[in-house]
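If you want the building blocks of each chain, they are given just below.
Protein chains: 2
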Amino acid sequence: MPQVAQLNIAMLEPIISTVDIVLLIIQEDRLCVTLSKRDKEPYANQEALPGGYIHAQDDRDCLDAAVRILQQKTGLLPPYLEQLKTFAGAARDPRGWSISVVYFALVDADLILSANHPGLTICAVDALRRLPFDHNDIIAAAVERIRNKSQYSSLPCYLAGETFSLPRLQKMYEACLGETLNKVSFRRKMEELGVLETVEGQTETAGAHRPAQLYRLKSEFKNQLKLLVRGL
Amino acid sequence: MPQVAQLNIAMLEPIISTVDIVLLIIQEDRLCVTLSKRDKEPYANQEALPGGYIHAQDDRDCLDAAVRILQQKTGLLPPYLEQLKTFAGAARDPRGWSISVVYFALVDADLILSANHPGLTICAVDALRRLPFDHNDIIAAAVERIRNKSQYSSLPCYLAGETFSLPRLQKMYEACLGETLNKVSFRRKMEELGVLETVEGQTETAGAHRPAQLYRLKSEFKNQLKLLVRGL
DNA sequence: CCTGTTAGTTACATAATGCAACTAACAAAA
DNA sequence: TTTTGTTAGTTGCATTATGTAACTAACAGG
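The listed protein sequences derive, respectively, from chains V and H. Under the working numbering, the first residue of the first sequence is numbered 1, with each subsequent residue one higher. Under the working numbering, the first residue of the second sequence is numbered 1, with each subsequent residue one higher.
In case anyone wonders, no lab produced these hints; they're calculated from the structure. The model shown is predicted, which means the values in this text are computed figures rather than measured ones. Wrong hints could be hidden among the right ones.
[As the list claims (entries may be wrong)] Example chain H residues on the side facing chain V (calculated, C-beta under 7 angstroms, incomplete): (1) Asp93; (2) Trp97; (3) Lys189; (4) Leu232.
[As the list claims (entries may be wrong)] To spell it out: a stretch of chain V is covered by chain H in this simulated footprint if at least three of its residues, at any positions, have a beta carbon under 8 angstroms from a beta carbon of chain H; those stretches are: (5) 13 to 20; (6) 48 to 57; (7) 94 to 103; (8) 133 to 145.
[Claimed, not checked] Mimicking SDA-like on lysine to any residue, the simulated pairs with C-alpha atoms at most 20 angstroms apart in a straight line are: (9) V:Lys149 - H:Ser153; (10) V:Lys226 - H:Asn148; (11) V:Lys189 - H:Glu174; (12) H:Lys189 - H:Ala208; (13) V:Lys149 - V:Lys37; (14) V:Lys149 - H:Arg188; (15) H:Lys226 - H:Asn136; (16) H:Lys149 - V:Asn148; (17) H:Lys189 - H:Ala206; (18) H:Lys226 - V:Gln151; (19) V:Lys226 - H:Arg147; (20) H:Lys189 - V:Gln151; (21) V:Lys149 - H:Gln83; (22) V:Lys226 - H:Lys149; (23) H:Lys149 - V:Gly201; (24) H:Lys149 - V:Leu77; (25) V:Lys226 - H:Glu144; (26) V:Lys189 - H:Arg145; (27) V:Lys149 - H:Leu227; (28) H:Lys226 - V:Asn148; (29) V:Lys189 - H:Leu228; (30) V:Lys149 - H:Arg145; (31) V:Lys226 - H:Lys183; (32) H:Lys149 - V:Ala141; (33) H:Lys189 - V:Gly231; (34) V:Lys149 - H:Lys222; (35) H:Lys222 - H:Thr163; (36) V:Lys37 - V:His117; (37) H:Lys222 - H:Gly194; (38) H:Lys226 - V:Tyr53; (39) V:Lys218 - V:Ser165; (40) V:Lys218 - V:Gly201.
Using N, Cα and C, we set each Cβ at its ideal position, and we do this for glycine too.
Generate coordinates for the entire structure from the input sequences, incorporating the hints supplied.
Rendered as structure tokens:
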């Protein structure tokens, strides 16, 4: 019976099954990652990606586990959550052979700051110190993914909050892509994407100058990326 | 000690850890997947994606496991192998909570046919019957991935073999994308990609007409995708 | 040496993109 | 009240990218 064979393998050398989350935000025009202080060994009290074991009893799948862990470690459910990649192997965890299914999440920075969950720190992705496990590699993969997707999708909209001006959204795109964009081209592309609607009568006054029109995601795109035929 | 806690969880309900592979080829201008007859329960003797348990003792990581399983089930090591996505949960496998880290691989169809490994069948991805586990979903995800990547990368080159003509390569792209392409635009894009070099003096004669120049991947791109700034 | 067929190129029309300069709307200073 | 500085948002045009049709090239076979 193969079931028995599998149980034997599992008992001889169980594979550690976890979920980690790269929660990204934009702060001061820079792409930042949210780190959580570990409460257990290994690497207790060090900052690392929020993560935890898969609970086969409670979690129906990995997304369930990711949502549960995010709630636990950050107190919020980000508007965007997607599977990034799985990191696995014998060398990445001192406890033994491990699998980490990694998700990446985007959220408005203000939501994290106002939730003020204990044990969290924000760090710019291009100024990270050495992190436990292979978390530096994981973050690098997340940054690469967000760069690619920002080129041809509405992804960075999830970093801008409920309502936002086009200049603010452009800053989000620029922080994701790591380069400045042409204002006219950017606005044309947002028009082409067609995921935004104006918040009528609402403007953002941010100094001694013309106020900016506020926009929000159309409800049909709250849970769905839109792709461009040709990138930005 | 958290190590003990994890061992307890693993023994109470061990999570089944496997690797599956979506091996794609082009046959008769159609995108096809390679299926392997299962030799064990569950679903013994049914066709399914080639896959197997992770061997924590032998495999250093999941890529190792994918290569080992591919060698076992198909007898070859494809020129392109990339992690696709992880499928996990309580419902996908009758044995219990399972994780399958899925890779997708591309290879020239002739290599599979000439290897003639036992137990393999080729099936067009748009004419699949109901497969075991969630393998239909997995293949759908692989097709979506190859479609996306073919739009702006050299990915389909790995389907064309060692040397190939541009008309043949265009067929590969068209099969991946599911649409016909403009000849002039396609050749311009291949020029822009810059991953090909002519095989001097070598042409492909395929009937009563002008023979086609043969090309191959430049050696520096044998193991590395090249991306276009703007897609095809 | 004509014919049919596919390979590969050229010239040009059309569409997408980038840039510079413009107007609009505000606060604060004069 | 007017002026000034600053950012929001638009317009027109030059440049670049893309798609199309029509061309030439090179072969096999009759």
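- Message: Tell me if the straight-line CA distance from Lys149 (chain H) to Asn148 (chain V) falls inside 20 angstroms.
- Response: Holds. Lys149 (chain H) to Asn148 (chain V) sits at ~11 angstroms (cutoff 20 angstroms).
Does Tyr53 (chain V) sit within 20 angstroms of Lys226 (chain H), going by the straight-line distance between their CA atoms? 37 angstroms, violated
Open item on the list: Next pair to validate is Lys189 (chain H) with Ala206 (chain H); report whether the Cα-Cα distance is within 20 angstroms.
Closed with: 24 angstroms, violated
Take the C-alpha atoms of Lys226 (chain V) and Lys183 (chain H), compute the straight-line distance between them, and say whether it is at most 20 angstroms. Roughly 28 angstroms separates the two Cα atoms, so the pair is violated.
- Regarding the hint that Lys189 (chain H) lies at the interface with chain V, is the smallest CB-CB distance below 7 angstroms? 13 angstroms, violated
Exercise. Residue count check for the region 48 to 57 of chain V against chain H: does it reach three with CB-CB under 8 angstroms?
Worked result: holds (count 5)
Proposed proximity, Arg188 (chain H) with Lys149 (chain V) (alpha carbon, max 20 angstroms)
25 angstroms, violated
What's the verdict on Lys226 (chain H) and Asn136 (chain H), does the C-alpha distance respect the 20 angstroms limit or exceed it? 29 angstroms, violated
Problem - Supplied contact hint for Leu232 (chain H), tested at 7 angstroms Cβ to chain V - result: Not OK, violated: Leu232 (chain H) not within 7 angstroms of chain V, min 10 angstroms.
Margin query: Need the status of pair Lys226 (chain V), Lys149 (chain H): alpha-carbon distance at most 20 angstroms?
Written below: Roughly 16 angstroms between the alpha carbons, so the hint for Lys226 (chain V) and Lys149 (chain H) holds.
- Query: Straight-line Cα separation of Lys189 (chain V) and Arg145 (chain H) no greater than 20 angstroms?
  - Reply: Violated, at roughly 24 angstroms.
Notebook entry, point to check: When the nearest CB of chain V is found for Asp93 (chain H), is that gap smaller than 7 angstroms?
Noted result: 10 angstroms, violated
Figure legend: structure checked against the earlier numbered hints; hints not met, in rising order: 1, 3, 4, 8, 11, 12, 13, 14, 15, 17, 23, 24, 26, 31, 34 and 38.
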